[in-house]
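By the numbering used here, the letter at position 13 of the sequence shown is numbered 13, and the numbering carries on one by one without gaps.
Incorrect hints may have been included.
[Claimed, not checked] Quick list of in silico lysine-lysine cross-link-like pairs, DSBU-like style, CA-CA up to 30 Å:
1) K88 / K102
2) K147 / K102
3) K147 / K214
4) K83 / K147
5) K214 / K102
6) K83 / K102
7) K83 / K214
By construction, these hints were calculated from the structure, which means they are not laboratory data.
Please read these numbers as outputs of a predicted model, since none were measured by experiment.
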Amino acid sequence: MTGLHLAWAELRRWLRGSPIRPAALIALALIPTLYGCVYLWSNWDPYGRVDEVPAALVNEDRPVAVNGRTLDAGTRLRAELFKRHDLKWSAVRADGAAEGLKNGDFLVTLTIPRDFSADLASVSGSSPRQARLTFRLDNAHGYIVSKLTEAAVGELRAAVDSAAFTQYAKAALTQQAQAQAQAKGATGSALQQAVAAQQSAIDAQAAAIGRGVKIDTVTHHPARVYGRGLAPFFFSIALWVFGLVVYEIVRPLNLRALSARTRPWAVAIGGWAPAALIGVVGAVVLYVVADAGLGLGAEHLWATLGLLALAAAAFTAVGQVCRALWGVAGALVMLVLLMFQLVSCGGLYPIQTEPAPFRAIHPFCPMTYLVNGLRVTLTGGRTSELWRDVAVLACLLAAFWIIAAAVAAVQRTWSAKRLRPALHA
1 MTGLHLAWAE LRRWLRGSPI RPAALIALAL IPTLYGCVYL WSNWDPYGRV
51 DEVPAALVNE DRPVAVNGRT LDAGTRLRAE LFKRHDLKWS AVRADGAAEG
101 LKNGDFLVTL TIPRDFSADL ASVSGSSPRQ ARLTFRLDNA HGYIVSKLTE
151 AAVGELRAAV DSAAFTQYAK AALTQQAQAQ AQAKGATGSA LQQAVAAQQS
201 AIDAQAAAIG RGVKIDTVTH HPARVYGRGL APFFFSIALW VFGLVVYEIV
251 RPLNLRALSA RTRPWAVAIG GWAPAALIGV VGAVVLYVVA DAGLGLGAEH
301 LWATLGLLAL AAAAFTAVGQ VCRALWGVAG ALVMLVLLMF QLVSCGGLYP
351 IQTEPAPFRA IHPFCPMTYL VNGLRVTLTG GRTSELWRDV AVLACLLAAF
401 WIIAAAVAAV QRTWSAKRLR PALHA
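Using the sequences plus the hints, can you model the full thing?
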């Protein structure tokens, strides 16, 4: 029998009998398309959706009177920012912005200080000061936010110029030049000629002042390096993949114990505990290697190890149920779940920049809560959010324990379908 005959015989085995078999082949053939296209769709143009990133604008500026005119630079800049839609701006008070940045309601904040107009107006005086703005973000909500908002800072500089600050500086400097010429006795056409002679220098200086508004960027809980910011995402993938592959070796349920009328919950725990123990050890080794080899350096070491252990146990429980319910097809189910979590857990780009379907399933992804929790334990953040993530993962573990026990109870009864499954290795 040739190799081609053997290949055809294997294909016929999958094409005959239960319709589940050809459906499984079709599902396998679609895996590359699902992975490639879904992931590509998710990352197609995240920078083009930065206008969905929630941002707080705090305007504390006080208008000032200059040469008989009122300069309200803060209000002018606020109007320009809302018109440009570079970020999803909300005008709030300082305390609301600070609280929103802590709890993730806002990913960035911009503060216009109370002396912003006064500093801009100082260009016409003897002691000019540089106007400043303060841009804040928090890496506890994702390191990539800082990269996404770098473009926003550039747009902010453009907004400062568009808000007519350069034109104001030009007018102020022109008035200053006129005053200097008048002090020297120039009048009429002589005055105009004196000012015109300085016009190119005035234009250049005004443009420099408009561009010279300094933007201070303050990062809370900085990840410092790219890899440290992405560690929560890749750690989550690693533990989910473990839950997928461990039951290729470990039995999800002990069939002999089921036949011996052992209690279902005991059978479920007996199939979960060995795999979970291996997973916990693997999670600890994962952190130790990343820390020793790459200098990961968690802000909260024991919380990181505890969260990794809990996630390993929970993801293992999910893998146990999938394998016990669907056999070898359970691995395919875990793989598909991983695919959708990769684009919906917010591990790379802020979830606000993802397409609507991925934003909708974001709260239902187990990896979402491990990613969020690890951001807090690795780089710092609010412990209340960490406890929420721990509670969700603990509930996930308990729920799948219960489901595994129910599956064990059902599988006490044998059927012809179970004795000869449509899909088997």
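* Asked: Straight-line Cα separation of K214 and K102 no greater than 30 Å?
  -> Distance ~24 Å between K214 and K102 Cα, so the pair holds.
* Asked: Hey, K147 versus K102, does the alpha-carbon distance stay inside 30 Å?
  -> Distance of about 19 Å is within 30 Å: holds.
* To do: Starting from K83, check that the Cα of K147 is at most 30 Å away, please.
  => 23 Å, holds
* Given pair status - K214, K147, alpha carbons within 30 Å -> 19 Å, holds
* Taking 30 Å as the top limit, are the C-alpha atoms of K88 and K102 close enough? -> Cα-Cα ~17 Å, so holds.
* Are the Cα atoms of K83 and K102 separated by 30 Å or less? -> 26 Å, holds
* **Restraint check for K83 with K214, where alpha carbons must lie at most 30 Å apart** => Given pair K83, K214 holds - Cα atoms ~21 Å apart, limit 30 Å.
Hint violations for this structure: none, all hints satisfied.
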